[in-house]
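**Q** This is what each chain is made of:
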Amino acid sequence: MELRAYIVRRLLLLIPVLVGVILIIFALLQFFSPVQRAALYVRSPQQFRNLDQIIEKYHLNEPVYVQFFYWISEVLKGNLGWSKSVNMPVSDALLRFLPATLELLIFTVPLTIFIGIKLGITSAIHRDKPVDHVTRGLAIAGYSLPAFWLGLMLLMIFYGFFTGLFPPGRLGLDAEMVVSSASFQNYTYIHTIDGILNLRLDVVLDALRHLVLPVTTLTIINLAFIMRIMRSSMLETLNKDYIMMARAKGLDEKTVINKHARRNALIPAVTVSGYLVASLMAGAVLTETVFNYKGLGWWSVNAAVQLDVPAVLGFVLFIGTVIVITNLIVDLLYAKIDPRIRLG
Amino acid sequence: MAKKSDTLVQIRDLVVRFYTYEGIVKALSGINLEIQREETLGIVGETGCGKSVTAFSIIALPPPPGRIERGEVLLNTNGSTIDILKLPRERLQDIRGHKISMILQEPSAALNPLFTIGDQIAEVLIRHRSETFIKMALEELERDIEAAEKSGSSFRAWVYRTYAGIYRSLLKNRRSLKARAASRIPFLRRYRRKLDAVLRKEVVGLLREMRIANPEGVFDLYPHELSGGMQQRAVIAMALACRPKLLIADEPTTSLDVTVQAQILDLIRDLKEEFGSSVLYITHNLGVVAEICDRVAVMYAGQICEVAEVKELFKRPLHPYTRALFEAIPRPGRGFVSIKGTVPNLVNPPPGCRFHPRCPRATKICSQEAPKMVKAGRDHLVACYHYR
Ligand SMILES: Nc1ncnc2c1ncn2[C@@H]1O[C@H](COP(=O)(O)OP(=O)(O)OP(=O)(O)O)[C@@H](O)[C@H]1O
Ligand SMILES: [Mg+2]
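Top line first, the protein sequences correspond to chains A and B. Read in order, the letters of the first sequence correspond to residues 1 to 344 in the numbering used here. Read in order, the letters of the second sequence correspond to residues 1 to 388 in the numbering used here.
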């Protein structure tokens, strides 16, 4: 149908955008000297001793287009260079830190979006009533709390005061042992999922226990973002003629809100949710640091501080791709919701 | 003169206010108006005089932050009289879109962009006349069951019987748990198809009555795929789906171009005859009034200043404001005449007669006490001290 045609069109459009991202990153690379750039092609620490050989092999002294050819064929093979800050190839580092970030995201995003949308709608329906004031007040408070402070407070209460209730890190010692034992299959390195797949409830529960505080922190901090957009777009929608018309048709308020208003009001919230996903994919640096939850955020900041150029570039390439794909998904959701986009 | 029993809707002393940051907007200050059965009553007046607020208040839906402070809207149906403004919410919702329905100025804004035309019209039918259509669906299912049994397909007969069971539970209770559960279960959810088909037939018929070409195709289109005129026809179909006693039309042709305007006017006039509805036609165009209305009420700054039969009003406008309105109609060979002065601010409306600051005949009394509606002829009411 039309939606399928739209998806195909959008997927084709993805190609030039990704090429653009790659070209920009490559252009940035040209600011470095050949010797610095050589680090991008290194695969093991020994190779650092003969960088000249690498410069030769990848034609780093030759014209830009030749270099681009060799560079892009390495990138396509998945070779993004050596990350000295964590002592492993960049591609390995990405794969290693991504699951932690994904695990946070899997819980934070649905919670934030669901609660944010609910609160936004409630707030809009009860505009300027006490419910609205309270909801907005709490949301703004959450929004303005610094992540590290909120995280530390939560740790003090739920780790310090209620001793060890919700600990920092990703897993406790026992679960760590299970996970690294030979009999445990790490399919995704997302512990909750692997735990379920291995039928190890203890691992799942332990992972969840460690997730509670960082997910709570991230949800509280990002909630206002979605809630405010949802509230304002809901208010705007409720003022539309077709809402009046729906009421004039004799529909009850529940149908008016849930059928006619909510879907229209969701459109801006979808955009913001896309941003939320993309920014969480880049890692929640402060939250990850406070809870010693080593994900992409922790790795990328660490790499930047140590001038680990290949790591930073690999990270940028990854995030660029993620953002492009998130945008695509947001556009597809728009098209799903709004026939004017799908058919226009 | 109309007999008492011929009155369909009677608005009595209706007061609507908007509580805004700028102050209290006294949008309607004591409106009295009667709408007779099967008549077309026009309301004319400058922008902001309260025409739309009156319209929405009749179905107890003043646009927020408006509040109905006082008054009655009496509806006479089936030999009894009810005050719409005092009805509990659910009874009120039963009346909206069923006994009284509405069409608005901007058809493109009145239709929800995310649902098809067919969906939006069927929604009214299922809201108010679900019983009729469920029964129709059931009848068709009975026929299907018989046919299936004859052809020896006992499985299909069983499926149809299951569907029929769901419809029967819906007949007993509109929010039947069984039906709601079935709507969520794959395959079982297909029971809806029969009802959808029945509704579709009805809606397509309605669209055809609205003189829409290719009604089958239009059923599945989204509002943005139709022209303004077609959209307004769809809105009219939605409003007339349940054959309402009263159709409120709030400037339904203002946003359309002239030829389409004429078509829509014709359509409303013909359908009104056919369905036997009354129409409350709101406009600021006296030409349209002359064309479509039987009687007309002239509004100024939240009050009604003159009510008369159309011919009478055109022959003998009595209120100075009505006269000014006629003067203001552009005519060839004469410069543009506007009513001098400005429309009063409804936060602090002028005391006495609201029109007195702009009135050529105003005297002292006009600024002191509001004039009462007086009978100035057969079926002719006017609120002015100096109309003679
Ligand atoms: N949502 C609102 N908030 C505040 N005041 C309002 C609101 N809606 C209407 N009003 C006020 O009520 C008065 C009557 O408005 P209404 O919309 O009924 O005018 P109208 O006669 O329909 O004008 P138009 O010809 O422009 O449609 C206006 O003076 C306006 O200021
Ligand atoms: Mg209006």
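Calculated directly from the structure, the hints in this document are not laboratory data. There's no promise every hint is true.
Capping the alpha-carbon separation at 25 Å, the derived lysine to aspartate or glutamate pairs in DMTMM-like fashion look like this [said to hold, decoys possible]: (1) B:LYS178 <-> A:ASP252; (2) A:LYS259 <-> B:GLU139; (3) B:LYS172 <-> B:GLU216; (4) A:LYS259 <-> B:ASP6; (5) A:LYS129 <-> A:ASP241; (6) B:LYS375 <-> B:ASP94; (7) B:LYS172 <-> A:GLU253; (8) B:LYS135 <-> B:ASP196; (9) B:LYS272 <-> B:ASP6; (10) B:LYS311 <-> B:GLU369; (11) A:LYS240 <-> B:ASP220; (12) B:LYS135 <-> A:ASP252; (13) A:LYS254 <-> B:GLU46; (14) A:LYS336 <-> B:GLU216.
**Q** Measure nothing beyond the straight line between the CA atoms of LYS375 (chain B) and ASP94 (chain B); if it is 25 Å or shorter, mark the hint as holding.
**A** Roughly 37 Å between the alpha carbons, so the hint for LYS375 (chain B) and ASP94 (chain B) is violated.
**Q** Do the alpha carbons of LYS259 (chain A) and GLU139 (chain B) lie within 25 Å of each other, as the hint requires?
**A** violated (30 Å)
**Q** Are the Cα atoms of LYS259 (chain A) and ASP6 (chain B) separated by 25 Å or less?
**A** violated (39 Å)
**Q** Hinted pair, alpha-carbon criterion (25 Å max): LYS135 (chain B), ASP196 (chain B). Please report holds or violated.
**A** Holds, at about 13 Å.
**Q** Below or equal to 25 Å on CA atoms is what counts here, so check LYS336 (chain A) against GLU216 (chain B).
**A** holds (24 Å)
**Q** Would you check the hint for LYS240 (chain A) and ASP220 (chain B), treating anything up to 25 Å between C-alpha atoms as holding?
**A** Holds - the C-alpha atoms of ASP220 (chain B) and LYS240 (chain A) are around 23 Å apart, at most 25 Å.
**Q** Would the pair LYS272 (chain B) and ASP6 (chain B) pass a check requiring their Cα atoms to be no farther apart than 25 Å?
**A** Distance ~16 Å between LYS272 (chain B) and ASP6 (chain B) Cα, so the pair holds.
**Q** Tell me if the straight-line CA distance from LYS135 (chain B) to ASP252 (chain A) falls inside 25 Å.
**A** Judged against 25 Å, a Cα distance of about 23 Å means the pair holds.
**Q** Holds or violated: are the alpha carbons of LYS311 (chain B) and GLU369 (chain B) at most 25 Å from each other?
**A** Status violated; Cα separation ~30 Å.
**Q** Assess, step by step, whether the Cα of LYS129 (chain A) is no farther than 25 Å from the Cα of ASP241 (chain A), and give holds or violated.
**A** holds (23 Å)
**Q** Does the alpha-carbon distance linking LYS178 (chain B) and ASP252 (chain A) stay inside the 25 Å limit?
**A** holds (21 Å)
**Q** Taking only the CA atoms, is the gap from LYS254 (chain A) to GLU46 (chain B) under or equal to 25 Å?
**A** Violated. LYS254 (chain A) to GLU46 (chain B) sits at ~36 Å, over the 25 Å cutoff.
Checked against the numbered hints listed earlier, the structure breaks hints 2, 3, 4, 6, 10 and 13; every other hint is satisfied.
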